[in-house]
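J.: The residues making up each chain are set out below.
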Amino acid sequence: MFHSVRSFTAIVRTTFVETIQEPAALLVLLAAVFVTVLAPLFHFHAFGEEGRLARDGGLACLLVFGLVLCCAAAGAAVRRECDSGTAAAALAKPVGRGLFLAAKAAGVVAVSGLFWIAVTAATLLAEAAADHTIAVGETWNRLPDVRLRQWSLLAPLAALAGAAALHNRRRARFGVAAFWLVPAVLAAAAAASGFWNHAGDWGPYALRLNVRLFSAALPLFFALALLACWSAALAIRLPAGAVLPAGTALLGLGLSADAWSAGAPAGSCRGVLAGLLPNLQHYWLADALAHGGAVPWTYVLHAGAHAALGCALALAAGFALLRRRDLG
Amino acid sequence: MTPAIETTGLRKVFRDFWRRPTVCAVDSLHLAVRTGEVFGLLGPNGSGKSTTIKMLLGLLRPTAGSISVLGRPAADIRAKARIGYLPENTHLHRFLTPRETLLYYGSLFGLDRRTRRARTDELLEMVDLAGDAERPIGGFSKGMARRVGIAQALVNAPDLLILDEPTSGLDPVACREVKDLIRALAAGGVTVLMTSHLLADVEHVCDRIAIMHRGMVQAEGAVGDLLLRSDTIRFLVTGLSDAEAAPLRDELAARLGRKVVTDHPAVPLEAFFLDVLARAAGKPTVLTHFQPAPFLVRAAHRPSAGASSVNPGSAA
Numbered sequence: 002m003f004h005s006v007r008s009f010t011a012i013v014r015t016t017f018v019e020t021i022q023e024p025a026a027l028l029v030l031l032a033a034v035f036v037t038v039l040a041p042l043f044h045f046h047a048f049g050e051e052g053r054l055a056r057d058g059g060l061a062c063l064l065v066f067g068l069v070l071c072c073a074a075a076g077a078a079v080r081r082e083c084d085s086g087t088a089a090a091a092l093a094k095p096v097g098r099g100l101f102l103a104a105k106a107a108g109v110v111a112v113s114g115l116f117w118i119a120v121t122a123a124t125l126l127a128e129a130a131a132d133h134t135i136a137v138g139e140t141w142n143r144l145p146d147v148r149l150r151q152w153s154l155l156a157p158l159a160a161l162a163g164a165a166a167l168h169n170r171r172r173a174r175f176g177v178a179a180f181w182l183v184p185a186v187l188a189a190a191a192a193a194s195g196f197w198n199h200a201g202d203w204g205p206y207a208l209r210l211n212v213r214l215f216s217a218a219l220p221l222f223f224a225l226a227l228l229a230c231w232s233a234a235l236a237i238r239l240p241a242g243a244v245l246p247a248g249t250a251l252l253g254l255g256l257s258a259d260a261w262s263a264g265a266p267a268g269s270c271r272g273v274l275a276g277l278l279p280n281l282q283h284y285w286l287a288d289a290l291a292h293g294g295a296v297p298w299t300y301v302l303h304a305g306a307h308a309a310l311g312c313a314l315a316l317a318a319g320f321a322l323l324r325r326r327d328l329g
Numbered sequence: 048m049t050p051a052i053e054t055t056g057l058r059k060v061f062r063d064f065w066r067r068p069t070v071c072a073v074d075s076l077h078l079a080v081r082t083g084e085v086f087g088l089l090g091p092n093g094s095g096k097s098t099t100i101k102m103l104l105g106l107l108r109p110t111a112g113s114i115s116v117l118g119r120p121a122a123d124i125r126a127k128a129r130i131g132y133l134p135e136n137t138h139l140h141r142f143l144t145p146r147e148t149l150l151y152y153g154s155l156f157g158l159d160r161r162t163r164r165a166r167t168d169e170l171l172e173m174v175d176l177a178g179d180a181e182r183p184i185g186g187f188s189k190g191m192a193r194r195v196g197i198a199q200a201l202v203n204a205p206d207l208l209i210l211d212e213p214t215s216g217l218d219p220v221a222c223r224e225v226k227d228l229i230r231a232l233a234a235g236g237v238t239v240l241m242t243s244h245l246l247a248d249v250e251h252v253c254d255r256i257a258i259m260h261r262g263m264v265q266a267e268g269a270v271g272d273l274l275l276r277s278d279t280i281r282f283l284v285t286g287l288s289d290a291e292a293a294p295l296r297d298e299l300a301a302r303l304g305r306k307v308v309t310d311h312p313a314v315p316l317e318a319f320f321l322d323v324l325a326r327a328a329g330k331p332t333v334l335t336h337f338q339p340a341p342f343l344v345r346a347a348h349r350p351s352a353g354a355s356s357v358n359p360g361s362a363a
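Sequence order for the protein chains is A and B.
So the first sequence is numbered by our numbering: it starts at 2 and just counts up by one.
So the second sequence is numbered by our numbering: it starts at 48 and just counts up by one.
It is worth saying that the hints were derived from the structure and are not from the lab.
The reader is advised that the hints may include incorrect statements.
Stated by the list, open to error - Calculated lysine to any residue pairs in the SDA-like style (CA-CA distance at most 20 Å, straight line):
| # | chain 1 | residue 1 | chain 2 | residue 2 |
| --- | --- | --- | --- | --- |
| 1 | B | K189 | B | H138 |
| 2 | B | K330 | B | H311 |
| 3 | B | K189 | A | T87 |
| 4 | B | K306 | B | E317 |
| 5 | B | K330 | B | D227 |
| 6 | B | K189 | B | A177 |
| 7 | B | K189 | A | G86 |
| 8 | B | K189 | A | E50 |
| 9 | B | K306 | B | K330 |
Source: prediction; values computed, not measured.
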């Protein structure tokens with residue numbers, strides 16, 4: 002038992018470090034963060050819902066960039082390891098194939114967790130920094146939080162500078178340090194935003210962040226975990242480059258599941274497909290936050306259980322493929 | 048005694064994506080490696096050596112036949128816990144350092160933290176990488192990466208060591224050390240199965256060999272028995288000049304009525320290379336036992352075709 006736990010954690014840790022030290026992973030993270038925090042600067046039309054636009058944009062970045070990260074990482078972690086021989090080297094040790102696949106998927110899920118923290122923090126910052134539209138007589142004026150915008154943009158840059166300093170002073174791997182520091186600094190910047198108000202006046206700490214966002218962002222993490230597990234399973238048979246298109250197709254089918262599976266009898270092909278493929282509409286809950294709404298935590302828990310079941314199904318399918326696969 | 052490795056009628060046919068057969072890599076392989084011996088698997092490229100090894104480790108599924116490794120089926124986790132494996136190409140995570148690599152593989156064997164660390168330090172010292180233990184392997188030369196590979200194969204103090212081309216990419220000094228290590232491990236009771244393209248390596252370290260071709264064993268037996276030329280006698284005489292040797296050779300030829308060949312044995316290049324390095328490092332020469340050059344006399348039932356592959360060590 003302890004042996005399995007040690008093997009599992011060792012493979013998870015190695016997969017995690019292997020994934021985040023890839024320059025492409027850091028680029029995806031930075032692209033998602035910068036698109037999210039820069040979005041409020043490019044709202045040229047005042048609809049009175051700038052905060053919502055920033056929030057929805059951030060959640061969309063979380064899903065789309067997260068999909069790219071999970072699929073690419075799972076493809077690299079599983080398929081490239083099978084091709085390069087490192088998977089064979091590990092499986093020549095007393096490690097079961099099921100445990101190996103589960104640990105690989107868990108490593109990618111852990112990376113998506115760090116990605117989720119960074120983009121959620123960026124979304125919180127973007128929403129808080131979005132223009133407040135105020136009516137002055139018959140005209141609408143927009144009031145930006147300049148300081149928070151500066152902090153939002155400087156936080157990832159400060160994280161990169163910190164990673165460079167760690168690389169220089171302590172020979173830490175730049176990619177790994179940056180992937181840790183970006184979410185940490187963004188979260189710290191979001192937490193520190195309570196020390197001033199929207200007009201930029203310093204004052205006693207008052208939370209300005211929309212914490213309701215978590216109940217909509219957490220299901221997206223579950224969706225990413227689901228995509229990571231399916232990608233890991235697909236990577237056993239598909240080349241690494243084909244995993245991303247396959248994951249995108251899965252996302253498309255999942256997001257449109259209600260449309261194509263509506264009214265399908267349970268025993269029909271569509272019905273069976275609807276039962277097997279993840280219905281990602283269950284995880285996209287951005288609209289529920291509009292006008293002060295919130296997602297009930299019981300729903301979030303159920304979504305988590307649903308995702309866990311989907312992950313188990315994906316890994317079981319992956320194990321069935323890996324069990325018969327020749328390695329070496 | 049139960050053999051450490053036993054295969055019966057082993058066959059492996061590779062298939063393409065659509066499950067159509069492409070090549071038969073191993074066919075009707077019967078192999079038995081005794082516990083405690085060093086067994087060499089030889090053969091040209093594509094003869095099925097690495098495929099056989101991967102089937103023994105459960106990485107490839109045999110198309111037919113049975114495998115027993117340490118008394119258990121291939122791919123049995125309990126058997127794998129007692130096996131050390133060095134792949135043909137050193138497959139290591141390029142971003143990990145040698146220390147992290149050994150700790151990682153130690154974890155896969157379920158070693159506790161203290162044992163892992165102690166074993167890692169010991170192995171890094173053994174493969175002479177203690178000074179480079181914190182550098183990522185991605186920046187290593189092939190030989191250095193090979194040393195890490197050898198260390199990871201020993202991390203669990205295995206009962207059975209499977210080495211696929213262990214000296215590939217190593218310089219002569221490291222080759223010698225690896226061969227000495229293999230002999231030392233065998234002396235300690237470890238069973239070793241190795242493949243190599245360098246026949247001299249196999250000859251020096253293996254007790255028994257099997258030669259494979261097109262997936263089948265063509266010859267198998269003890270190295271001494273297979274290489275022995277029982278129809279030829281060799282005399283080794285030191286301190287004899289060419290002038291002194293000539294009448295002796297003629298007299299022997301006349302008395303036996305057969306052709307007698309004399310020559311000066313050559314020092315193996317490996318021994319000469321190691322001697323040059325030893326002398327450059329101010330150490331005593333390792334070739335003293337070859338001096339003065341011995342004079343060799345060989346008498347054969349049939350005319351001998353030359354004497355370029357004379358081994359003075361075995362002649363004595």
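J.: Checking against the hints above, which ones are violated?
T.: 2, 4, 8, 9
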